[in-house]
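Trainee: Read off the chains here:
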Amino acid sequence: MDKILTGVAASSGKAQGKVKIVKGIEDSLSFKEGYVLVTKITDPTMVVMMGRAVAIVCDVGGITSHPAIVSREMGIPCVVATKEATTKLADEMLILVDGDKGEVYLL
Amino acid sequence: MSNRELVQWIDSVYGPSIYELLKGHGDPSVHLPFNGFNFYPVFDDLWVDKIYSAVKKARGSGLSMEELIQFLPTHSFLKFKLFELIIDFKTARTDPQKVKTIFEFFIEAIQLRAVNKNFWQDNRIREYENVDEVIASKKLVRVRDKNVSSEVGKITAGCGTLVHGLYNDFCTDFGYDVFGPYDATKQFGEGSSLFIRQFIDLKPLEIWPQKKDFPYKTIKIYSIYRNVDSQSNFIGCAMVYKQSVVDNLINFQLEIDNRFVHILEELKEVREMILKEASEHYVLYRDLGFEEQKRLWLFQLSYPFKNFFERVGVNWQPDNKMLERVKDRELVDYISSYDIPRQEFNEKFGVDYLKNIFGINCKDD
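Those protein sequences? They're chains A and B, same order as listed.
According to my numbering, the first sequence is numbered sequentially starting from 608.
According to my numbering, the second sequence is numbered sequentially starting from 37.
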């Protein structure tokens, strides 16, 4: 298990799943239950996908930003401010998101 | 509070609280639909004058703060607007006496609602202090299925996201507030606490007439958690929980327009409706474009004060002068990073300006 990203721990818990890079609402149809939602920063149009995600990873954001607040309420792990999640990760990669430590591992 | 105490309070409580809040946000470029800190300087003098006029009328109305508070916006919103006004005072170079009048009015109102004198780091309000009464009147039910907790969490997140689009990133707190933790040990055992999430207006037709068919106006969620540590960051929705609020939910009740909803199938229906609406609404909001978003911002800012403005005889809607001021204007470059030295932060966010007013320009009481 290799640590691939470090960021800010925004919502506690650990979860693993396949990566889906999300750019906007247009990804909604292809976003399956159990994916890890990876994006620069979530926006409200992504909330349906966030409801299907097992975890969220963002390039930017802080502990009071949109992805952090939403993931805490949904009870799923979230790591923000990783700077390069959308460049280092790619669709279908299997990862583990550690929302307690703010770390992401490649499985 | 004397001026000396006030200056100390600004230094030791207010300044550090807003610093932590914004540091937690990361970067101002993530604000939606745009960075409001770079928009307010375009019309801040007009907004301060409007608030000043309403406050003066309220003070002269003979109404007590206990009466006025019924008309003022929600707790977190009032706190956040005071924070913004403090920046406005600085950027608009507001007359010190006006600053004092507005500041003292807001502080008095906020303090009247708050349980704790340190209301920047504690978002409990008196209204829900009687935990026995809340539990009995809201008929909280036990969580027997993890799916129920999950649905409650998604409904909360969906409502919070919908509000984000209805009111923009800087006025979200009107539509989304979180109160707690209230000690519920006596009722539910060691480590239990009550939180209330309040979405007071999910259908503001005065600013979004397109929403006339949306079925829900007000949603409140009453939750009992066991062993969830929380930290309040200035405003309710920025509450941070150290443990999962889904895994540790033990009792709850969802109240939609005075109707209780707690059956799994019903919760699923509500969740589907809310998430879909939140997502679609934001597409609508985003597609309005910059000019319309600026115009709408003035309404999103004013609407939460509607009841208060009307009670004291002020038109709640932005006037033509305000609308003209923002028309065809670009944002200014006032705040582009939160990662700045504390001294610069205090200067930019008006902390120093406020301190000087109370420390130097106004005589001690």
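Incorrect hints may appear among the rest.
[Claimed, not checked] If you want the footprint, here are the derived chain B segments under chain A, 3+ residues with CB under 8 Å:
#	segment
1	63-74
2	240-246
3	303-313
4	352-361
[Claimed, not checked] To give an idea of the chain A side of the interface with chain B (calculated C-beta under 10 Å), a few residues:
#	residue
5	G624
6	T649
7	M653
[Said to hold, decoys possible] A few chain A residues that face chain B, going by a derived Cβ cut-off under 8 Å, partial list only:
#	residue
8	V661
9	M681
10	G709
Worth flagging that the hints you see were computed from the coordinates, not collected in a lab.
Quick caveat, the model's predicted, so the values are computed rather than measured.
Here a beta-carbon is modelled for each residue, glycine too, at the ideal position from N, C-alpha and C.
Trainee: Could you work out which of the previously given hints the structure breaks and list their numbers from low to high?
Mentor: Violated hints (numbers, rising): 2, 4, 5, 8 and 10; every other hint is consistent with the structure.
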